[in-house]
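S.K.: Each chain is listed here by its residues.
Number of protein chains: 2
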Amino acid sequence: MKQEAERWGLFELELNGPCSGNPFVDVDLTAEFKYNNRVLRPDGFYDGEGRYKIRFMPDTAATWTYRTRSNIAELDGISGEFVCVEAGEGNHGPVCVSNQYHFAYADGSPHFSFGTTCYAWTHQREDLQEQTLATLKSGPFNKIRMCIFPKHYDYNLVDPADYAFQGSVSGGWDFRRFNHVFFANLERRILDLQQLGIEADIILFHPYDRWGFSTMDRESDDFYLRYVVARLAAFRNIWWSMANEHDLMRAKKTEDWDHYFQLVQELDPYQHLRSNHNWQGFYDHGKPWVTHCSIQHPDLLRVKEWRNLYRKPVVVDECCYEGNINHDWGNITAQELVRRFWEAAVRGGYAGHGETYVHPGDILWWSHGGELHGDSAERISFLRSIMEEGPGGGIDPLPMTMLDGGAGKAGEYYLYYYGNQRPAFKKLILPPDHDYRIEIIDTWNMTITAVQELVRGDYRVELPNKQYMALRITVVNSSRTSIACGKQGERSLRIF
Amino acid sequence: MKQEAERWGLFELELNGPCSGNPFVDVDLTAEFKYNNRVLRPDGFYDGEGRYKIRFMPDTAATWTYRTRSNIAELDGISGEFVCVEAGEGNHGPVCVSNQYHFAYADGSPHFSFGTTCYAWTHQREDLQEQTLATLKSGPFNKIRMCIFPKHYDYNLVDPADYAFQGSVSGGWDFRRFNHVFFANLERRILDLQQLGIEADIILFHPYDRWGFSTMDRESDDFYLRYVVARLAAFRNIWWSMANEHDLMRAKKTEDWDHYFQLVQELDPYQHLRSNHNWQGFYDHGKPWVTHCSIQHPDLLRVKEWRNLYRKPVVVDECCYEGNINHDWGNITAQELVRRFWEAAVRGGYAGHGETYVHPGDILWWSHGGELHGDSAERISFLRSIMEEGPGGGIDPLPMTMLDGGAGKAGEYYLYYYGNQRPAFKKLILPPDHDYRIEIIDTWNMTITAVQELVRGDYRVELPNKQYMALRITVVNSSRTSIACGKQGERSLRIF
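Going line by line, the protein sequences match chains A and B. For what it's worth, the UniProt record's numbering labels the leading residue of the first sequence as 1, then goes sequentially. For what it's worth, the UniProt record's numbering labels the leading residue of the second sequence as 1, then goes sequentially.
In short, the hints are calculated from the structure, not lab data. Here the structure is a predicted model, which means the values were calculated and not measured. One or more hints might be untrue.
[Stated by the list, open to error] Derived coverage of chain A by chain B (criterion: at least 3 residues anywhere in the stretch with Cβ under 8 angstroms from a Cβ of chain B; other residues may be distant):
#1 48-60
#2 314-325
#3 411-425
Even glycine gets a Cβ: it sits at the ideal position worked out from N, Cα and C.
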């Protein structure tokens, strides 16, 4: 039993208890963790072989006390304390919504979402899982969409080694008994991701199923969700995705999703981010238990519309994948995927990556992980660096014409992007009394070129007459002009 | 006075009458043209210098009689007859809606719409107008969007030689007196287009105005429309576009457009096609006086949605222009414009062309005409030839996934297109008992390659793993299998 944990780290209380009957069903276990007036009550869970665990993520560096409750005498009333020390290096806490349309870590550091997708990577053989981690380590991604249940689909016909439930393909599943071996691997991988600074966007349900996990009844779904939240909620890098393509799960209705959302909201002491990913029909992201939009859509020009509609962060985590497979969602070019990332960024949203190249061994990043073969990741990394150099609170859409994208922070920072557009020039009307740094960004070739030292007044920017260019304009408050900076009714920057 | 006209040609009755007062206002003139029970009553118009004209487009090869009516005695009760002979070569009559979502000429020949845009070409100097016609002659276009009123906008700051109204820039305009010199040139150009087999999509109003033509009052608008219809309706290659970007004409409301549509519908004896082109907000194309959708929108994947909504032909005559000017609607690549044409085609719709390259003399095809500098026109020509080789009644959308485009005529002809998609292969499930010709079309390089002689049963098509490829699949009813072709419940062709 650890007696110390770091802030947003994992404190785990392990207890021994009964292993007869069905402990998953028979044993109730919870604990109350207290620091001053702050009280959190995570559920415990049965981990097999007579082991019971209660996991807790402290959010304040202080001495916390705890006391268990159980219907089993030997697990009830166990109390103690532990010291929560300050967060270690690289630990910024869980990601939360910040500044309405953006994200930040609990310690206030910005989190610009650059996700990828490897639905079934933890269901692959050990060496492939390790390769996935190695790829992630050198890549630009800080979120990964991944399923608890295995995937049945084209290119996904091999049974995994372990399943969330006890049972077998031939003999069927016991939806009231979980497989702790499966969860131990899943948790190990979540911690591996945490080490890499990557959020695990955990997909709780999905339709690509030949085992019956997508058609369990309501009670089994609830039982499963309670167990998963008890096991995983204390990992700081968890996001909850109710489903991948909820609208393809014909057995579930909107009320079911409402219910699952609310159940997870009730159970999760830390209120990790919650979303529900669509196929063709959006779940109503405006509902109060939804923290952000998780969208599948190929048209990133609509990000602004979705921001306005739902008033929440917009993450288009599926906007087609770089690749060349036969399916229409999995065969765009790297140029096109990178374009979609930029179109989202300059409308105040976030896109997501995936890769689906035909592979002799049918190992496709989008589901299996492994290696990346494409050209988009390094450009996504470049965009990420651009975003991280910009305002920490994120950038919001500027008044623009329909097709040009532009976002920024008025009076400070402006980022314009021309993806399918390729203007030979743009005219800038720069509000007076400031100097401006104007940089031309080639988003594909990853170059940044300042047009001249500093610019003042109106200016015509010559552009290289090709696709995928961006303009970054930064206001420089020279000392001579600093007095005028904050004045009311200042003209806004215009570009046309 | 001609005593003969060809079917869908122009019969013009010229009369002399008063030139004192204001004949445009004072004189009412109409005529009744009869053949058996068929009676048409076109309005006449004052052509200046004491000349009055009544124009008539006969639609039946027969002897027609006519008799004028006027409030002026010398113009009233004039009667006569003329012989309408069969249409000459290249004269297929006016274009009408056919097969609900498509077009055909009055003689039944298909019309696949491949339009371009030269808003103000007839307002340019003579040699430029001639150059425009020469360019059109060798190009793929069979429709042109063009304005009656001159254009005021970036790159459009030169006053034209003539205006529709009498008056002057300095002295103002008389909205009750038309300028016959202006109309004579316009009509000459409409006839030039007719000779080239090009429909003149006449834009009656538009917002880009510094002369006051966009803000005339209702009575002046009506007066203008009556005159224009009287002059132009008898040209078989006229289409009526109520406006370019009606929603940018702040002085006009939806009721105004309803009224203008209905007035033109009432006045035009031949019921030429009528539409209303949007900027950002569509006019309701479902209204009964609208014959087809005329749409500005960059996303051609939505053609199917608009077909389903309006149940009429969808012409996206503005989907951004090939070019490199600063404005976001005028700087896409040729590849992208050609892609948009194809995306529309394989969803049962029609796209439109325009070109806006920066030019040292500010002569941009989109408004001035002149020469084409881009690379899209020849690919549009290639698409036109593909369409003309297909079913004459047009092709309609097939059941498809969201992004792949496919249209055809079930059991006969299938055209699939992968624009941003670039699958390395596609799997075909071909209904049995037929042979299929499968051709791979490189829409950019304009090649057509048959995959092998004929295919039967399931088939995997290997594709060259690049953008802008199409598949054309034609059913070949070999004699052995012809009996099975029409059978009920036949499996449909599937592709994935």
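S.K.: Apply the coverage criterion to the region 48-60 of chain A and chain B: a residue qualifies when its Cβ sits closer than 8 angstroms to a Cβ of the chain, and three qualifying residues are needed.
M.R.: violated (count 0)
S.K.: Has the region 314-325 of chain A got at least three residues whose CB is nearer than 8 angstroms to a CB belonging to chain B?
M.R.: holds (count 3)
S.K.: Can you take a look at whether the region 411-425 of chain A is actually covered by chain B? Rule is 3+ residues, C-beta closer than 8 angstroms.
M.R.: Since three or more residues must qualify, the claim that chain B covers the region 411-425 of chain A holds, with 7 doing so at under 8 angstroms.
Hint violations for this structure: number 1 only, all remaining hints satisfied.
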